[in-house]
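2 protein chains.
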Amino acid sequence: MRQSKLFTKTRREAPADEVAKNAKLLVRAGYIHKEMAGVYSYLPLGLRTLNKIVEIIREEMNAIGGQELLLSSLQNPELWKKTDRWEQDVWFKTSLNSGGELGFGWTQEEAITHIASQYVSSYRDLPFSAYQVQTKFRNEERAKSGIMRGREFLMKDMYSFHADEQDLDAFYERVTNAYRKIFQRIGIGEKTFVTFASGGAFSKYSHEFQTICKTGEDVIYVSRKKGIAINKEVLTDEVLADLGLSRGDLEEASAVEVGNIFKLGTRFSESLGLSYLDKKGNAHPVIMGCYGIGPSRIIGTVIEVFSDEKGLVWPESIAPFTVHIVSLGKAGDGISKIADTLYSDFIKAGVEVLYDDRDVRAGEKFAESDLLGIPKQIVIGKETTATGTFEVVDRATGSVVKKLRDNLLKSDFNSTT
Amino acid sequence: MRQSKLFTKTRREAPADEVAKNAKLLVRAGYIHKEMAGVYSYLPLGLRTLNKIVEIIREEMNAIGGQELLLSSLQNPELWKKTDRWEQDVWFKTSLNSGGELGFGWTQEEAITHIASQYVSSYRDLPFSAYQVQTKFRNEERAKSGIMRGREFLMKDMYSFHADEQDLDAFYERVTNAYRKIFQRIGIGEKTFVTFASGGAFSKYSHEFQTICKTGEDVIYVSRKKGIAINKEVLTDEVLADLGLSRGDLEEASAVEVGNIFKLGTRFSESLGLSYLDKKGNAHPVIMGCYGIGPSRIIGTVIEVFSDEKGLVWPESIAPFTVHIVSLGKAGDGISKIADTLYSDFIKAGVEVLYDDRDVRAGEKFAESDLLGIPKQIVIGKETTATGTFEVVDRATGSVVKKLRDNLLKSDFNSTT
Chain A
1 MRQSKLFTKT
11 RREAPADEVA
21 KNAKLLVRAG
31 YIHKEMAGVY
41 SYLPLGLRTL
51 NKIVEIIREE
61 MNAIGGQELL
71 LSSLQNPELW
81 KKTDRWEQDV
91 WFKTSLNSGG
101 ELGFGWTQEE
111 AITHIASQYV
121 SSYRDLPFSA
131 YQVQTKFRNE
141 ERAKSGIMRG
151 REFLMKDMYS
161 FHADEQDLDA
171 FYERVTNAYR
181 KIFQRIGIGE
191 KTFVTFASGG
201 AFSKYSHEFQ
211 TICKTGEDVI
221 YVSRKKGIAI
231 NKEVLTDEVL
241 ADLGLSRGDL
251 EEASAVEVGN
261 IFKLGTRFSE
271 SLGLSYLDKK
281 GNAHPVIMGC
291 YGIGPSRIIG
301 TVIEVFSDEK
311 GLVWPESIAP
321 FTVHIVSLGK
331 AGDGISKIAD
341 TLYSDFIKAG
351 VEVLYDDRDV
361 RAGEKFAESD
371 LLGIPKQIVI
381 GKETTATGTF
391 EVVDRATGSV
401 VKKLRDNLLK
411 SDFNSTT
Chain B
1 MRQSKLFTKT
11 RREAPADEVA
21 KNAKLLVRAG
31 YIHKEMAGVY
41 SYLPLGLRTL
51 NKIVEIIREE
61 MNAIGGQELL
71 LSSLQNPELW
81 KKTDRWEQDV
91 WFKTSLNSGG
101 ELGFGWTQEE
111 AITHIASQYV
121 SSYRDLPFSA
131 YQVQTKFRNE
141 ERAKSGIMRG
151 REFLMKDMYS
161 FHADEQDLDA
171 FYERVTNAYR
181 KIFQRIGIGE
191 KTFVTFASGG
201 AFSKYSHEFQ
211 TICKTGEDVI
221 YVSRKKGIAI
231 NKEVLTDEVL
241 ADLGLSRGDL
251 EEASAVEVGN
261 IFKLGTRFSE
271 SLGLSYLDKK
281 GNAHPVIMGC
291 YGIGPSRIIG
301 TVIEVFSDEK
311 GLVWPESIAP
321 FTVHIVSLGK
331 AGDGISKIAD
341 TLYSDFIKAG
351 VEVLYDDRDV
361 RAGEKFAESD
371 LLGIPKQIVI
381 GKETTATGTF
391 EVVDRATGSV
401 VKKLRDNLLK
411 SDFNSTT
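Protein chains in written order, with my numbering: chain A, 1 to 417; chain B, 1 to 417.
Simulated from the structure, these hints should not be mistaken for laboratory data. Please note that the accuracy of each hint is not assured.
Note that the list lumps identical chains together, so a pair holds whenever it fits in one copy or between two copies.
Stated by the list, open to error - Only pairs whose alpha carbons sit at most 27 Å apart, straight line, appear in this in silico BS3-like list of lysine-lysine:
| # | residue 1 | residue 2 |
| --- | --- | --- |
| 1 | K34 | K93 |
| 2 | K410 | K310 |
| 3 | K81 | K225 |
| 4 | K81 | K93 |
| 5 | K82 | K93 |
| 6 | K402 | K144 |
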């Protein structure tokens, strides 16, 4: 895309009331717009990154057999009264003036369990899993972490349905591995740990995926040797014994919860009448699991982890564009002509490229390019017309390589996508 | 996808309280689930069709330079008070118990105009257009038309920003053509007419895209000669004179509004302070247009127009799958082996295929296949093992062609996608 056509622009200042680094940088770079506390709109660059994260998640959910659907946001109070969750503070509910009280979904166990009850009758109908990528609404009071904790945010929520615990356990393991792949592909795999957290009536533990990050709201204890962690909230001698760990093995760290998985057991199927008949014709409640991951929170986490004093730094797999062509020419001059041609060659080659074709000072262009955080910056200036070389700057490391045009086009810029 | 894995099933009966044909068929075929009056969830098959429509719309919006973004649903009352639209009945608002009154977006002129005001200062920043595909919420009282008029529904809304009327007019024309392409690609192009409807302070007319359909809520008067129509609400002698038509040229028809485009002029830019400086440094309010299209309403319309007594009939471009393999074999027999191989060959060839591999009576399979409405049904039975021929049934016409395997694979099943 030509930057001269992009309607957003970078800014020197973030909104005065914004305290979180992630939102400050995203607003300054024109990726998001702050509507209200905890409510953000995604502008073109931000939406591109959000969609890339969603697409990675979708691929991994499809790979383990997840069936995508899209549930309604509007929730029927009758279902939630059956599970005793209608009276929670987290709800945004419609005002009675709007003609009867309805809820806006903040999670969807009730709705999906009710739908499953329409289709499941026999053990032959199990197992299956269904997921969606949907906007959730939560009446959060502490909405001070930028896009990390919003009142409105995107979430991938998956639910699985099984005849017995063994089958749930096997699927739970598959989801764990799928989540590991997702965080690897997004570039935060090495900093993200499966973390033991509080369970429920059905299961001793749930599992969070926590990414180590200085500004994280959670505290976890990491065993690097075992590649797992324990949430501070559940760190007891009993837990250590369960996991075969001693306190000496553990390292304290601040972290952000980027995903969580939970064995629900029969908590919802019993309340909502989701049961199946076994081979002998006996009825049993269906055993369920649920699996959440927050694409918008992942964006915030990636920024908190990788950004630097110059601005955003995107892993290639989720960058809005792979290459940023920074032309130092003016419309019609030799430099511009080279830049124009390179831009159309990249487009033809399927490389995702943003092209700074604006008539702006070089220093400003460099600063803006650093703020935007696109992984590879290709600078085209007088040296290019003189020697035929292009300067390729790696945004993350700052390293500079000079390349001739043919080598440039042979570079595998979309290697990780 | 193997039908044995699909968690939804077809049903003989639609919900008793459902009156609209479109929703009855979609529920019976397992495409959607009715949560409440005017609130539907999209199950895997329904979501596939919805996504195909969205993707067609997205391609055509990108082709005319639309920049995709995603605005928040939660709306700040302050913006809407400035345009005097906060007190309308259409709103779902949060209850005061949820901590202050917020709105759930039913359209987004206010939000996008406010965002544009952050980025536009000079004539150099114009023109541009931005669009989103987003769930909208409307407190509709008459929610009796199935997915045609929901309280929650998906909408593509685009907004454009211009320095002068001439530029708006030119872009408005480009959107009109893009919409025509969209409806052509979806398969309702020939039944859809640009329809003159009431305008506003800025423009004498707005334009609706109305699809002729017996169950439509609107009445339009079509001039087939000119390829346009007039909404009954504005049919006056003055309008006829404007369009160079006489009553004798017109044919009355019921129709569904599947899209609409509107010149907003300065209605929102003046109220919300969106202005630009011209070359001489004089300030002017920005001239705007808005362009809506409803993917879920399109699904309903397509069903009302094309479905028959046996069930759904999808145009190939928006069908959840292109081919439905109906195997009459049992697991492990010769018929099943042929079906398995054909299924994997189709997958390899990139054909979107649903494979009925279930152990169910032939008559039931045929009836379910007709209800699902996938464009091509390939029947594999004893005749296939005996003669090597496959029966290819066209769902829309019922015509049957027998093909040998090699010819089958050479068929261009994805021709329109």
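Which numbered hints does this structure break?
Violated hints: 2, 3, 6; rest satisfied.
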